[in-house]
Amino acid sequence: EIERDMLKKEERFSPNNESEDLLSEQPRNANIPNYNFEQHKEFTKIYNEEIEKDTYRRNEMKRILKYIKHNPDESLSKIWRNAIFHGKISSALDIDRFVDESVDIEGFKLQPLKNKREVILTKSSNDITDYDCWTCFDRETGINEYHRDPDTTIMLSPKEVRHVFGDPLWCPNETTTGIYTFEDTHLDIFVLAEPHSTVITRGENKDPEYYEAQKVLDKSRREKPFYDIDEFWLSEEKRKFFIFCTKYAYKRKFKKWLYNEIEAKKNEKSCEERVYEKYGHMLSHFEDYNEDYERFNERGAEKVAAFNYMWTDFLDEEELKELDKVPELPKPAEYLDMDKAYKMNLSKKELEALYQQLKDEEKEDEVKEDE
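Taking full-length UniProt numbering, I'd label the letters of the sequence shown as residues 1 to 371.
Do not rely on the hints blindly, as some may be mistaken.
Stated by the list, open to error - Pair by pair, the computed Cβ-Cβ distance ranges are: (1) 316 <-> 207: 23 to 29 Å; (2) 215 <-> 280: 24 to 30 Å; (3) 357 <-> 316: 55 to 61 Å; (4) 170 <-> 207: 29 to 35 Å; (5) 210 <-> 316: 55 to 61 Å; (6) 274 <-> 334: 50 to 56 Å; (7) 221 <-> 311: 32 to 38 Å.
To be verified - Lysine-lysine pairs mimicking DSSO-like chemistry, simulated, CA-CA at most 27 Å apart: (8) 206 <-> 219; (9) 53 <-> 69; (10) 240 <-> 255; (11) 238 <-> 219; (12) 66 <-> 78; (13) 238 <-> 278; (14) 251 <-> 240; (15) 206 <-> 224; (16) 265 <-> 240; (17) 340 <-> 325.
Just so you know, these hints were derived from the structure itself, not from any lab.
Here a beta-carbon is modelled for each residue, glycine too, at the ideal position from N, C-alpha and C.
Assemble the whole structure, with the sequences as input and the hints as a guide.
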């Protein structure tokens, strides 16, 4: 045992080239009784797939060994011989006992080892010819932990973002001061969020003297004061934003679309102005909380906005003409005349008799309907 421990690591873990079982594999045994009857079909399928892989791997090894024997001077032959036998066999003649001459190697060529192959990096296309996005308000994003690491980041001007897409939405768990939710043509959800850089989520800043003392440190190690909420969202300078999305969403396409959308609309009318021009006429249907209204009583249902407007108010005149029939406004339910109501005192027997009378009337109505 002491002599074995004193051997070099290469000698201890290198294969025994004199062994007759070198390069041999233990065959798979299908006679395994320890699986359930329900798993028999799945087990048989997996077993047959693995048998095919083993057969293919053994045939490839036979072709490689025969190729090395007949082409000993090629550089790839030497590399493969050292990789298979760990450098213990230096001559092609020594592997003669492992070669199967019945294997066909016509047209066969050795390929470089995996660690020598050229790495090819693939990226998803960022072509947005048939790609589009829009703001989304009616879908659950499933992303509530906005304090985790983002899927990607983007540099945008907060003022331009608010100008194009309006004010941000409230964050569910208040880990950020605002979010924007987008949906693309693939129905993937993207969340654009403020990156926790304001005093609302980070807490109050320290004294100015503390940050002045930080200037002696390197820029990467300095602590910087956090923004005020207005200082961030009204800034014209580009700030970092977080983007949260699903694993298979097209992040590069979305970022390119976001850049193009802001660049095209940052000098046009703001989001509020565009919305007011299109839907401003609807404001008359809603209550103005700056005015005093009489409190609606139980008979004031006809004054409620639900009975004064409907989805057709959002359509233009041309869109209304295309409709087959313009729907009518719903009518409120009629209330009972409580002035004619009176109190009745009934015993248990009277209630049972009244209940039986109602059941008999229902049966008579059913008979009339059948007739």
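Cross-check of the supplied hints:
Look at residue 316 against residue 207: about 59 Å separates their beta carbons, and that is not inside 23 to 29 Å. At roughly 51 Å, the beta carbons of residue 215 and residue 280 sit outside the given window of 24 to 30 Å. Our hint of 55 to 61 Å for residue 357 and residue 316 holds, since their Cβ atoms are close to 57 Å apart. The beta-carbon spacing between residue 170 and residue 207, approximately 31 Å, falls within the hinted interval of 29 to 35 Å.
Against the hinted window of 55 to 61 Å, the Cβ-Cβ separation of residue 210 and residue 316 comes to about 59 Å, which satisfies the hint. For residue 274 paired with residue 334, a C-beta distance near 42 Å fails the hint of 50 to 56 Å. Against the hinted window of 32 to 38 Å, the Cβ-Cβ separation of residue 221 and residue 311 comes to about 58 Å, which falls outside the hint. Taking the CA atoms of residue 206 and residue 219, the gap is near 18 Å; set against the 27 Å cutoff, the hint holds.
For the hint pairing residue 53 with residue 69, the CA-to-CA distance comes to about 25 Å; that is within 27 Å, so the pair holds. The suggested pairing of residue 240 with residue 255 holds, with an alpha-carbon distance near 13 Å, which does not exceed 27 Å. For a cut-off of 27 Å, the pair hint linking residue 238 to residue 219 stands: about 19 Å separates their Cα positions. For a cut-off of 27 Å, the pair hint linking residue 66 to residue 78 stands: about 13 Å separates their Cα positions.
Simply put, residue 238 and residue 278 have alpha-carbon atoms about 30 Å apart, too far for the 27 Å limit, and the pair is violated. As the CA atoms of residue 251 and residue 240 are separated by approximately 16 Å, the hinted pair is consistent with the 27 Å bound. Straight-line distance between C-alpha atoms of residue 206 and residue 224 comes to about 10 Å, which keeps the hinted pair within the 27 Å bound. In summary, the hint linking residue 265 to residue 240 is supported, as the alpha carbons are separated by about 20 Å, within the 27 Å threshold.
Between residue 340 and residue 325, the direct Cα distance comes to roughly 40 Å. Violation of the 27 Å bound is thereby established for this hinted pair.
Hints 1, 2, 6, 7, 13 and 17, counting from the list given before, are not met by this structure.
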